[in-house]
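Quick note, the sequences are listed as chains C and V, same order.
Anchor point for the first sequence: position 143 equals 143 in my numbering, and the numbering is continuous, going up by one each time.
Every position in the second sequence, counted from 1, becomes a number in my numbering once 1000 is added.
Honestly, the hints are just simulated from the structure, not real lab data.
Subject to a maximum C-alpha distance of 25 Å in a straight line, what follows is the list of computed DSS-like cross-link-like pairs (lysine-lysine):
#  : chain 1 : residue 1 : chain 2 : residue 2
1  : C       : Lys363    : V       : Lys1253
2  : C       : Lys9      : V       : Lys1176
3  : V       : Lys1173   : C       : Lys18
4  : C       : Lys111    : V       : Lys1419
5  : C       : Lys219    : V       : Lys1422
6  : V       : Lys1414   : C       : Lys43
7  : V       : Lys1173   : C       : Lys6
8  : V       : Lys1200   : C       : Lys9
9  : V       : Lys1173   : C       : Lys9
10 : C       : Lys191    : V       : Lys1422
11 : V       : Lys1154   : C       : Lys11
12 : V       : Lys1157   : C       : Lys6
13 : V       : Lys1102   : V       : Lys1200
14 : V       : Lys1415   : C       : Lys111
15 : V       : Lys1419   : C       : Lys43
16 : V       : Lys1176   : C       : Lys6
17 : C       : Lys274    : V       : Lys1389
18 : C       : Lys11     : V       : Lys1173
19 : C       : Lys402    : V       : Lys1006
20 : C       : Lys322    : V       : Lys1006
21 : V       : Lys1270   : C       : Lys402
22 : C       : Lys18     : V       : Lys1316
23 : C       : Lys191    : V       : Lys1419
24 : C       : Lys402    : V       : Lys1287
25 : C       : Lys191    : V       : Lys1415
26 : C       : Lys368    : V       : Lys1389
27 : C       : Lys9      : V       : Lys1154
28 : C       : Lys278    : V       : Lys1389
29 : V       : Lys1270   : C       : Lys43
30 : C       : Lys322    : V       : Lys1287
31 : C       : Lys256    : V       : Lys1422
32 : V       : Lys1157   : C       : Lys11
33 : C       : Lys43     : V       : Lys1415
34 : C       : Lys43     : V       : Lys1310
35 : C       : Lys219    : V       : Lys1415
It should be emphasised that the depicted structure is a prediction, and the values quoted were computed from it without experimental measurement.
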Amino acid sequence: MASPIKTLKAKKFLPMLKARQARFSAAPADLPAGTDSSRIIAKALHPRAQYLKVAAVTKRADDCCSYTLVPDPARGTTALAYFGAGKYLTVFETIGGMPVTRAYSISSSPKDALDGKYELTIKRVDGGLVSQYILDNWKEGTEVTVSAPAGNFEYQPLRDAETVVCLAGGSGITPFLSMANAIADGDEDFKMILLYGSRNKDSILFFDELDALTKKTDKVRVVHVLSDADAASALPGAEQGFLTAALIQKYAPKDKPYSVFLCGPQQMYAFLDKELEKLELERKYIRHEMFGEFHNPQTQDDYPSDVPATVQITVTIQDETKTVTGRSCDSVMQTLEKNGIAVPARCRSGECGFCHSHLLRGKVYVPKQLEYRRLADAQFGCIHPCCSFPLTDLVLQVPAAK
Amino acid sequence: MVKQLKQYDVIVIGAGNGGLAAAATCAKAGLSTLLLERHNIPGGSASSFVRGRFEFEPSLHELSGIGTPEEPGMVEEMFNRLGAEVDWCKHESTFRLIVPAKEDDTDAFVNENGVRVSVDARMPVGFEAFSRKLDELVPGSYESAMKAFDLAEKMYKAFDALGDGDNMGGIFKALKYMPDVMRMVSHTLQEGLDALGMPKKAQDIFNTYWCYMGVPASKFDFCYYMAMLHGYIKNGTGIPKLRSHEMSLAIDKVIRDNGGDIWYNSEVTKIITKDGKPAGVVVNGSKEVYGKRFICNASPNFVWNDLFDKKDIPQKQLQMTNARDVAVSLTTVYLGMNRTKEELGITDYSVFIAPTSDSDKQYAACHDFFSGYCIINCLNEIIPDCTPKGTSQLFLTTMTFGDVMRDIRPQDYKKFKTKVAKDMIETCEKALNISIMPYIEEIEIALPPTFSRYLNTPHGTPYGYMLNMWDSMIPRTVQFIGDQPFENFLFCGASQERGDGYGCAYHTGEKAAKLTIKALKEGK
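Could you put together the complete structure from these sequences and hints?
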């Protein structure tokens, strides 16, 4: 018996070819649609850069200012990218001919972005080149270039508990202020218990704003934790001392799971990570904001011995190659920047992978806290220069800092 | 800085799978090669991303091109040809299709998960085993399935005849002696299976992989579906051990090792033309680079709109782009779980959950944001240690036409994403009678705008243009040369003759490279 496939006609094939070309010939020769609703959303949320201007400077403390940033249409930005509370902006600056970047959490409400306003709050860091520069130089009218909002330090209702104990230290309050505002605006829906560590009442950032938020919504509760001797006695409701496991237990719900979010200086993470172990929370309920720039790798237990103090780094970006000398205690990224070479950078904490580069020769040290590389990266010699410290002379290829 | 000015033999635009294969093939042949990529890593869809202690696979479900030592698959062969080393993990089953029962389905039964279902088909590898299983599920379907697989073998062999696109006369001649292939390409999958006498219920199970190409049974040409199915069913499939980032970096290494240049974060913002054809590119709006020949992995929609002056675009290219249908797009939810797959009760790598087993109805429902059609994959089934001890990773996929985004404002997007993810997770929980939500440690949600951001295709579609009957694979292949825009500028990737899929994109890249090498040899 003949195969049943023979009932299908093969002769249809040649006319198909003619029909295909005829279909093309009959179509209009206009440009096809250049965009679509998906691309519009992608571009609105992830512009390559945002060109802004400082519209106002608000002094928050002796060493801390908030900067209201608005679009700078003259340089091509007419609207701000909306963001989820907790995200950061990477600021691009050139200081003394040195291209640098820093990531700062947005302290304003997502809603404000729709009205054309972001607020960044910047506190002077001891020896901090960029914070110092911004506090000294940014004033009303200063042109500022930032990245699209980025980062993963956000509330996610499918993952996080309904109650979040937020642990803030110093200027680590900024993402939580944004989240608290988003809760009050109805853009986020969770119960926030904010334990905010400061030295004394006067060093609390956003005291009035936080107070107003707790009056606006019963979903936000703020407890100030003051470390200077007797500081809490000056502030009713404040706790004396440091953020600890015991304090978390005192304020966290007893009868249901809760999440813990942390944002503050690196020493705070080191201390609180040990404290949190006592609470035996599931790992999914603990989330850290990014670590921040890593310094002094030589203090780490697993840092090798006999590392030369200075190394040569030969870097190729597109068709340009340059050899520079740097210190082994500086990250590859810092050394390149100090030599006037712009490197693509966003988080500077190893996490975002934006600086992903190829190490062709040499060895680097990567602190384990910042090891977020993909598995295949290690195998194929790829590194994140922002958290890689040279152990030998290096030869590497770095993507363009567009 | 030391400047090295030169004109490249070939400039490859985009380091997606097609661009990577093209650049590696050119570099290996000794051409001076520049690969330009606007992102900071290679691969396009073939990549990975890290969240917390999980590294997620963004797009790859399984590679049909990984065979056996005796019969290596097409992808494996290409990696071997290039000398790109990847640790492949074999997968020895195919898919499980579950159609939860509607109230009024009197034939429904309760499956091993304790769920009342209309269909529960867990299909094995191997033509014979697959056909037997199909017959068990739908009595009377064995013979038609075996006949279909016999045609699949014929079609698979026809791939050799379709060759590298440099000999159209040869292709025609070869096809003349393959009447069954001609019959298949002229008819839809549904017409073909009807002719073989396959019962409709069996056809629906048989057609489960339609979504890998994004074309339902009434629009998909019979031969291409069978060729694809051949790759999955005959010898099983495979995936790279370290997510698809491993594959992309392995090819990246081949390009470098063979003297090719790769510039990341380097977006082509304009194509420079001279005497009516491409002569160079502008990178990141400022740097000009010149080349003799070009291979383009970017979507034609983007290329014509953003890179060329309209006067320089051949009219036919605009007409082609306008005549074709942009294929469906995707939504994917990536989940890092703080439980093992055993603790979660997951028993299969790939489960297709669908409110109906009819591919055309599934396709039509892609105009809704989420219709209940969801594929759930658990990577630990193939790579047990792909996540830390005590954890696992899942990814959930549904197909969505990008235009469902039209009423979503940027400020509503995050909430919308969460809602879609919740619906998809709950659908899987219900269909498998398992609990997922309490154990989510990491979650990332990708909608068409996410894919648009990374792939720069219309609505973020990874599928290119729909492989409709009138624009199906063999006609595209036969007419390949005439469909290319310039003598020195060839497209590759999902927009081209084989549509989407890693193996398809690699093939088009390699083919474009071979044509380029040949043209340069001939002094063109």
